[in-house]
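Asks: Given the sequences, and given the hints that come with them, work out the whole structure.
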Amino acid sequence: RKEVEQDPGPFNVPEGATVAFNCTYSNSASQSFFWYRQDCRKEPKLLMSVYSSGNEDGRFTAQLNRASQYISLLIRDSKLSDSATYLCVVNGGSTLGRLYFGRGTQLTVWP
Amino acid sequence: NAGVMQNPRHLVRRRGQEARLRCSPMKGHSHVYWYRQLPEEGLKFMVYLQKENIIDESGMPKERFSAEFPKEGPSILRIQQVVRGDSAAYFCASSPKGGQLKSYEQYFGPGTRLTVT
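Chains as they are written, first to last, in our numbering: chain A, 1 to 111; chain B, 1001 to 1117.
No false leads were slipped in.
Below, computed lysine to any residue pairings styled on SDA-like, alpha-carbon distance capped at 20 Å: (1) A:42 <-> B:1107; (2) B:1044 <-> A:3; (3) A:2 <-> B:1044; (4) B:1044 <-> A:39; (5) A:45 <-> B:1110; (6) A:45 <-> A:32; (7) A:45 <-> B:1105; (8) A:42 <-> B:1022.
Stretches of chain B that chain A covers, calculated by requiring three or more beta carbons in the stretch to come under 8 Å of a beta carbon on chain A: (9) 1035 to 1046; (10) 1052 to 1059; (11) 1106 to 1112.
Covered by chain B, per the in silico footprint, the following chain A stretches (three or more residues, Cβ under 8 Å): (12) 44 to 57; (13) 101 to 108.
Worth flagging that the hints you see were computed from the coordinates, not collected in a lab. C-beta: ideal position from N, C-alpha, C; glycine also.
Replies: Written out as structure tokens, the structure reads:
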């Protein structure tokens, strides 16, 4: 079983739409959870860190359910600039520095 | 801009040559991580280093790959006798000193794209 699993998409939504991405992880000892975005052929950029049950940053809301080992990212009022691949990332548990990346969910926002 | 710096951005090597990839962490960061992204795949952890110390190298291939983060200068990922399967994007990330969970947020450099011909 993979450490982190995501729906690969693609998700194609109009501007202004609300879109949600889901992710599950296998290591119950994981302590840190992140969402990164990656544009084509660029480096991953940290979007949000999730340390408690969830947090909100503007149009973005991340939620964590430790019992179900499930993380979600909600994007409200989608913008064209939100088009990217969204990576669900989880730390390795015993080694805080080791991150496991999902393969990403591709989002395209159209005008 | 004190972001993570990597060089070279693109590197072409023939099979059997050596590749050296360099990474300078963000100012104030003392932890460095290397990841590899194969075409159409997710990022895979390779190694985690602090100055003069390898913390976790469980993601490194057993042969031909090595990494260091000396007291002075950038971190180096070295690949000896490269093969076509080594062609990938190699990303370096850095984080502040460890301790609190937030200290392990990792910030990535632009990557080095290695092509083995």
